[in-house]
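Enquirer: Chains A and B, in that order, are what the protein sequence lines are.
The first sequence maps to residues 293 to 621 in my numbering.
The second sequence maps to residues 224 to 987 in my numbering.
Some clues are possibly wrong.
Far from chain B by the CB rule (all over 12 Å, computed), these chain A residues [unchecked claim]: (1) ILE295; (2) ASN328; (3) SER446; (4) ARG556.
Where chain B lies over chain A, by a calculated footprint (3+ residues, C-beta under 8 Å) [unchecked claim]: (5) 330-343; (6) 462-472; (7) 475-482.
Calculated from the structure, these hints are not laboratory results.
Just so you know, these numbers come straight off a predicted model, no measurement behind them.
Beta carbons: idealized from backbone N, C-alpha and C, even for Gly.
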Amino acid sequence: MTIPVTQCLMRFDEEHHSLEDYQGGVQRWCNGCGDNAILTAVQRLCRDEGLSPERMVFVSGIGCSSRFPHYMSTYGFHGIHGRAFPIAEGVKMARPDLHVFVNTGDGDCCSIGAAHWIHAIRYNMNLTVLLHDNFVYGLTKKQASPTSPKGLKSNTTPRGADLEALNPISVTLGVQNASFVAQAVDWIPEVLYDIVAAAYRHKGFSFVRIIQRCPEFLPKMLEPWLQDPSKTLLLTHENGVQLSPDMARIYKNQREHDPLDIDRAREIASSDDVIPVGILYRNPDIPCYEDLRGSGQPRPAERIRAGLEAELDAFTVWPDDSTAKHAAA
Amino acid sequence: MTGGPPLTCESQTIGPEPAATLQGQAVFHLTGSRSGDELESIEGGTFRPALLAGYRDLSRLRYDYPVVLVESAADGAFVRSLSSIVDDVLQEVAPPGMEGERLRRQVLRLECELRSLVRDGAKGMLSDLWEKAAASLAVDGGESVEQILSHTGARLSVDGEVIDCDHEVPSRLVAHAWRTTQQQKARRFHDEVNRLLQALSDILRAAFIHSEGGRRPESLQAGVGDLHRDDFDFDVMSRLLGKSAPADELPVARRERIEWAIDVLKRQRFFEPPVGTSLVQAAELPYEYRFSSCAETMTAFGERLSELVEFVKAMSMAALEADGRYLEAKHDPFFDAFGEHALTLEDLALFPDYLVCIDAGDTDAAESAVVTEVLSSDLPVKVLVQTEDVLEESSLGAGHFGFGMRSMQLASTVMGLHDVFILQTTSSNLYQLRGQLLTGLEYAGPALFSIFSGSASPASDLPPYLTSAAAMESRAFVAFTYDPAAGPDLASRFSLEDNPQPEFDWPIEDLEYADEALQRVKEQVAFTIVDFIVCDRRYARHFARIPRSQWNENMIPVDEWLSLDPSDVGQRVPHVNVVDEHNVLYRLIVDAKLMQAARRCREIWHGLQELGGIHNSHAERLLAREKAAWEEEKQRELESLRAEAAATAVVEGAVGAPQVTVAGEGAPGPELAVEEAAEEAPSDDPWIETKRCSTCNECTLINDRMFAYDENKQAYFKDLDAGTFREIVEAAEVCQVAVIHPGKPRNPNEPGLEELIERAKPFQ
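Isolated chain B, as found in the complex (with noise of 0.2 Å):
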């Protein structure tokens, strides 16, 4: 718990008559009307759920936030949170012991001071502001305290820009992953693309050493050093050389090819230069690659497409060139037709992705249409779409609710298309995902990044970061990925993992608080949407707080009255755990129009748990089907056992305990038995164990028309008429590792047989 006081139970008053009670109650549940005093009103007044009294002052906790935008992250750690870093100094620097742990109490100090800094506002470098903390603890510690919290901060492993869980937070983040995944990219583009320019560049020197140019004196003496120059007469060098070398000019229509391939790869502006250790100098600055609208993005593609195409053909030529493989007649033809038709995934995946960031406040139906139209066009582009508000009215109004709608109708939009990567969650959550962000990131294919920022907005009291966590908690908001590279099933591609308790409609967790005698109570509560929504003080007015003199036995919990069948509800209405901003807890009911749209949630979550195989219902139907023939298949087993073993006592009751054989159980059929017998009974015709030869050539050398190589070098009988079984015998006799044997003789008037046919026997 942090911050407020403890967590109390309203003290108790006299209230007015039961039935009154519940008439009232009923009436504000179905209609929304207060009728009598008992019911009051929440507008205006501070509440949230009683599951988040404990979190009132964040720069209190360890938690993810404040974040560091790790610059030159060598390790694909772009994003660290700042108690990771800490934890990181303290390793390093806290010897075991007293000296350490006053050496640590500092530095959590500054840690806690840090988060303060920020939350009130300060941005910078991760160095500066840990020299800012130090400074302003060091007002209180004195200037050996100072020292030493600037000591430590100086085995900082990492900096960066910090950055706490504000609505700039998907923006920032994503972007600066896309940054370091662009880098990544460069790095390889750039190795390619050298590689390949040095490749061009060698045949191109060697085709001039070889040339008449390459044999002028003066090319010969570029090529001694200058210490013995003198030593040598080139003129003579030149003609004895030309006399010998053969007529090998580069062909004019590689040289053009080369030098055009060159020149292609030379000037492209995909891809900024790395200073000093590349072969490509561009000419022009690089593309930009970020935009703010999908319309923006089609626009700057189309307009580079033809660069990127005859740059793609550049790296196709040349690949081939540095390969040896270039044939003329093959491959002209289909370079003269290469076009945007010929570009797969993977040659775009080349080239630097383009992101856009889009507010979904800000995207209409149309914006909509050209996101979902860009995602399915293959092309390489990350779409972050930020959500500020996920508890927007419906557009139809009229009290109509349109909770998560927008994200939700994009998210399985586009999830249709099959191969766009989809990471939905919120801000709180994406530390924790950054793994995931990555991968979308460094995905060949397009991606789409739904994000809930938990922007602190006027109709709610909660910072950001917990608006976001209750969005994701709640199910307002659920976190899921869509990976099409996991594998070729939704069981691969689709996960619901990151999200609180997914096996469950809501989470559900322990809520501790003192009742009106100060004892101690435990509940278990679900956090459901319920209890996110009250948040929100636009929808004050489908809840009502009734006083603890008029608690009673038909309020329920939002889950457990979501749980009951619409006809089983009777009187019953539900409630949620809220407290103030004394952290005294309080019950408020919850009318009928919100519990429809905390249903319809729940509905929602259902569709997604089956899609990640939670409660799947037709594996559930399969199952169920399964488990049914198999009951009825044992129990038909069982009921022909106890009628066998009953003719089986009547049998042995009459004549004794005869043996009997059931066909096809027991001992094989006549014709399975005769068939092995075939197969076991031995051969007169002599054999080799291929498998085990071991390719010494000695019974090739003895006749290489009997015996000969199979397709793995091994031996085997070519034809056994093309020798003697004197050749067949000597064979078995001197093969290194036994693997001939003789058999018996095909020619009975071969002479010497007798004889053979001993020393054959150890070989049979």
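Isolated chain A, as found in the complex (with noise of 0.2 Å):
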């Protein structure tokens, strides 16, 4: 078979990137932050996809993690606090050709951004979240999040977190419409550049949940799972993970877990002894919001013209005479 003659075209010029391609600034996160290990898996991501920056935008909320678009020589939105989705969400809606992901916290998604958080998982649009939890607030020096565990002591905690820690995941697989759901680990790079890659490539919204290393406020809080792999427990499938011979002689506590069974996924998620790594849930058959809301036709500037008209004269506080006339109109 041929291509047609623009491809043709398009790929003489075709552009190959290399890591650096998709570099933004000199990242200011600590030393050792678990951030870096995800800003490299996905700047592999880009390029071994061949993904042109500028068909990317990178949409964050407010944390140490959504500095994640400064970093990236791509678009990027870097929002306020909690509201990561309903951008990446406009962004998604005007221009669903481009790659939207976004980046947000524990604090920011969990917490703040609770309720935007769930109805984007209902909405499934086709958007590829990372959510990087530390288990703290950073950014603003040690507040407990709604992940960090019972007991954990912050400067709002001094004696301890007294509720049970938030579980995205679980979270994430109760709602309606959950399309992709997937836990990666900062410290088993292969594993969650994978994760992060089948996130890409799913259409619908894709939550990676990344559980990561806090080097400045939570230092030795996940020490005895980075001193112990069998505290993890990899999660493999030939339609989920499959770990190279390497990572398995290291991640010997392993299961067979089939994306497509959700409750083995609900009860994978619940587990408290061990941090599940792969793929949980993965339907791809559940229809994204973009697809059964947008038209698919171009819009001009004359239309989006008199749609802003008509939303905004419903609005508008007419002079007294006029109010008839224009309602009439």
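Put the two chains together into one complex; each comes in its own frame, and the hints tell you how they fit.
Expert: Set out below in structure tokens:
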């Protein structure tokens, strides 16, 4: 088979990118911070998939992780606290041709942005969501976040956190229309990369919780899992993550898990003793909101203007004598 | 069984002597001449194969016809059988239980009535015919019945024209499917063209806003709503903006290019622009794409080619401009030389497909050659060749048969072109193969649809549906698909699976009838091409009816006779089971001339089977060869083991039981063992598990000349001499994932080594 002449021309000029092409400013994260590993995994993905920087948008809220767009040489939107999802949804709705990523933290997503998070799952728009979960508000110097474990001492919980931690994976799996749910850890970069790549390739709202270290405020918290590979449960499947022989030798605690099995996914997500790593759930058949609502038609400036006028007119206070006239029009 | 009396056996009467019977039958078989009274001619009779005895009145059967050509098919279901639509209605309206049962019965009666109407020539939309049938039933059932049936009619999920299986079915069904695919194509086409037009318009609009014209007071005023127009001084605003704005006018060449592309995209005539939703406004009527000859198609394509080339050129330019990737130095020379040479199959696939409907009976050798030529030209053309008569006599005349030759020749020639989609089938099976039909119409290249209509000819009493079904069942008109897009090899592309029992020479069916004692007899009989030919009065002379009294062991079914080696035939003569209009069972013997044609039909079928991977001679030979080699190998191994066991027994008997190690089978050879040991020997050099590095920057901050990142941004030792053992140990200590292994110091004179070696131990 051949390809259309336009594609031929495009391929003549196809650019091959290196990791450096995606690198924005110099990271200001702390040394040893897990965000670095996530950044590397994403940059590798961009390079390996041959993504054009001008066709990508990284949207974030507020927090350490939300500095992510600054470090990508792509389009980005460093939004306001908890509002990464609505911004990303707007971008995707207007420009479905762009690859839209959301970088959000445990505070940004699970606390102030929780309402947006829940509904973003339900909308199932084609977004790749990376939840950088370090269990603490790091940017504001160690306050407890919704995912902080019970008993964690912080500036806001000096006697230890009173509440059980929220499990973002269980929550996501409990929301209607969840279509891709995975969990990764920053200290297994190979698997982190595979999961991020699978999330990117999934059409729909792909939610990846990435458990990451905070060397500044919780330097010892994840030490037991780092020291003892058996405390990490690797979920493998032909339709999920497949381990390389090297990884399989180190991480012997493995379980075959079919990502189509949501009941088993929920059961695994709720396990306390080990950290499950892999794709817990994937359902490619759930429709995306932009496909359901998007007309697919181009929107000329005239149509956009007419739509805006109609919307704004609805809230305009007209002079008394012209109200009826405008209403009639 | 529908219609007609039950199948019974002819009553027996006393006949002539057996020897004379055999002689007469053999003479007829070999010469086609009847000698004596016991061989009756069937000319003037109305016989049909016994297996078709049950299908007298098709209107009482629920089968694929009539079908509804669905209007505005959104989900690709461009055609539905009446039965499936009725089932959907019942599923929706009939409640479970007795009440639902009554409703079901009424609706099924209506379906039956509707079939009868269509059989008698009624035409129209399903909704209209439904009302008509309901009114007809209401004559007997009263007003309430009509109300019920009209109510159910209102629940029809689809509507469209109802057509029965007649000689128009192939062309109407294919044309309807073609229109459906063209509508989808038109949507895709308009989406893409509108997208490009929008992008080009945006470029021009943005250029205008940045231009001097865009900064004029009146332009600025037009950009502000009416309500606040008086709040601004647009003259001042224009001056201010003019001072700070860069001189960023759109280059003349680019503007001309974009405007040219917009003009070409807007005045296209390939598809009709959808009303109100398109940026395209056609100045003239769109082109016609349906033709009745390939020559006309070629002419039309040639006339439109320059316009098509221009359009593809405009699209390509627009796509590059929209993506911001048009480089004049690189692309101008290409577009200056752009012509039909640059078009690819996929470019052509963007435009409407040409549909050519041809009657096989009207195609002479010259037209056949043009068909092949068109199909080999990579044009987006879909050719329907409709065959009306599959049992035509050879053009040689003089009793030569050309059964199915014309269609077979065309199909096999076209299959040799490799990249043409082919679907061959009969009307009876067309509904079942609607998916393949769509696949062929959506295929990016040319496609051939060869369809036998089963059209009622004066030589047959069967309705078109039965004629076409019998043609496929008897292998007279074989169904197959050849889809070049399905894969690179014949196994992926060619399929015979739509034929009944494709693994057999002939389909085997159960035949039940009542014998003279009115006892049920059940036999398995094959449906051969001879059974199909018996329906055609033109070939009645090749059959002779044998009275029941003269049936004998030498009469064997046609399929059995064909499976015999010619040298073993002896006095045996082939026969087929037929029934008359009263469903009385008879046997007809067949002459050798017709059997020769049947044998050739079977050989052609065998050839197709091989293509379809059934009884493939190459595969079977290879399998036999491999099996023989495998058995030989195993035999050798067995003998070797036996010999070894015997030798061991002798040695054991003599000196005990020594351990024997065969080189290469047990422990590794000495060289290999040395290599493995060398690999496993711990190195004194420091090393990093690069694949596990999480890019935390700790080590590179300590010494970025010694530690560096690879192309995946993971750490490795770039230069071991660029730092000290102390730095390596410190890096190992701060590494979050403990992937740095310090090894042993390279410089024995480095200060504090003793302490550093101790600190390095946990990381080795």
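Enquirer: State for each hint whether it applies.
Expert: Outcome of the hint check:
1. Residue placement check: ILE295/A does not keep its beta carbon more than 12 Å from all beta carbons of chain B (closest about 6 Å).
2. Remark: the non-interface label on ASN328/A conflicts with the geometry, its nearest Cβ contact in chain B lying 5 Å away (cut-off 12 Å).
3. With 12 Å as the threshold on Cβ separation, the claim that SER446/A sits away from chain B holds: the shortest Cβ distance comes to roughly 21 Å.
4. The claim that ARG556/A lies off the interface holds: its Cβ sits roughly 29 Å from the closest Cβ of chain B, which is beyond the 12 Å cut-off.
5. Using a Cβ-Cβ cut-off of 8 Å, 4 residues of the segment 330-343 of chain A lie near chain B, which meets the minimum of three, so the contact claim holds.
6. Only residues whose C-beta sits within less than 8 Å of a C-beta in chain B count toward coverage, and the segment 462-472 of chain A has 0 of them, not enough to reach three; the restraint is violated.
7. Beta-carbon proximity to chain B at under 8 Å applies to 5 residues in the segment 475-482 of chain A; the threshold of 3 is reached and the given coverage holds.
When each numbered hint is compared with the structure, violations occur for hints 1, 2, 6.
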